[in-house]
Amino acid sequence: MSPRPPSIRDKRRYLLVQIFPRCLRPDQKDLYLAVQDAVTSLWGDAASARIQMAVVAGTYGYGIIRCLRGTESQLATAISTVTTISGQLACIRSCALSGTIAALQRRGIPPPACLPSPLDAEAAFDGRTFAIQCRDGEKVDLIEKGFKTQELLFLTEQEIEVI
Amino acid sequence: MQTDASVHPYPAGNSSLRRIALEAGELGFDSIVAVEIPRQILGGIQVLSGVIIKELQIKDVIAAVKKKERSSDVIFVNAGDNSFNRAVLTLSGVHVLRHIHKTHRSSFDHVTARIASERQIALDIDIYPLVHLRGVHRQRTLRWYEDLVRLRKHYPFPLTISSNAHSVLDLRSPRELINLCALFGMSPEDVESALSALDRLISPQRPVEEVS
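Residue numbers (the numbering used here), protein chains in the order written: chain A, 1 to 163; chain B, 164 to 375.
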């Protein structure tokens, strides 16, 4: 199939999103399923078809989501109702909007070296032991080390005692 | 000053107050109201002390308001039926009537709206059900909020917006709140006004009094 001439192609917009918690690194498919579920649930099938949502890139806690021009605010609203990605608590925050992927990549995504990575360290908080999932500046994400519960906690450096 | 009208830090939620304040600051808030936490300033964010009164009888609400009035900055009361709401709206010391979307549709009518407008007691728009609920429950909440916005055009009572966050993942930025509130017909100007309404509620403008 030959590509359409530019004058009759759909005009698209690309949304750069950041995925939280930072330790969660879903693949493109999981991100797509979470956003598609939110879009369909909020706007219904007809509007979802008009939005033409697609995840075009997803890496290191960031993603680039495509939509049809004029539907970007609908997509951004739906994105803010995402609460889980592949069954894990999460939220997605939109960072930037552009007409091309290259422009988003130029201004938005930090290089991998700047990103937090999972650590093999433990910390004590409130009399319990947690594994440090992720450190990002002052922020620390912990997950409880236990058989029965694996509670996720969001704290800061000053509140934990690293073991 | 943009304020998130209620957050629930650890142990009620899974995020510490310092972390919530840090994230709220990054999202663009100037202050937050933390439930059952003393007033303080953390990382440049003003943390106001809030208390939620969940009593079902009005005499219990009066007693609780008297007890908590001095120790907290913002007093929220959970809404009930129409007569309960009317009685709450006439109490001094109450700042915000919350969880109105959990009550029957008749619990907040034009009479209660007029009382809220005269007494300048705010109604809380809780974003949590819009984000977390799906299907008919979210539709019901949207209908409720749409009705509130319509009543507010006739009786300009204050509104507050709260994420009701138990986790940093539940916090939403002012820009996201504008998008979410547009779902039930609230304009961006109204959202901005609602985000800064708590300042006016806590320290209302009163006529000048001659002291001597």
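Please note that a few of the clues may not be correct.
Said to hold, decoys possible - So the derived label-pair ranges between C-beta atoms look like this: (1) Glu122/A x Val274/B: 24 to 32 Å; (2) Asp193/B x Ser86/A: 29 to 37 Å; (3) Arg306/B x Ala49/A: 22 to 30 Å; (4) Ala46/A x Pro337/B: 24 to 32 Å; (5) Arg268/B x Ser2/A: 18 to 26 Å; (6) Thr149/A x Gln203/B: 38 to 46 Å; (7) Ser255/B x Gly99/A: 52 to 60 Å; (8) Gly99/A x Arg306/B: 50 to 58 Å.
As the list claims (entries may be wrong) - Per the computed footprint, the stretches of chain B lying under chain A, defined by three or more beta-carbons under 8 Å from a beta-carbon of chain A, are: (9) 176 to 182; (10) 291 to 300; (11) 311 to 320; (12) 342 to 354.
Because the hints were derived from the structure by calculation, they are not lab data.
A quick note: this is a predicted structure, and the numbers were derived from the prediction, not measured.
Heads up, the beta-carbon is just placed ideally off N, CA and C, and yes, glycines get one too.
Which numbered hints fail: 1, 5, 6, 8 and 11
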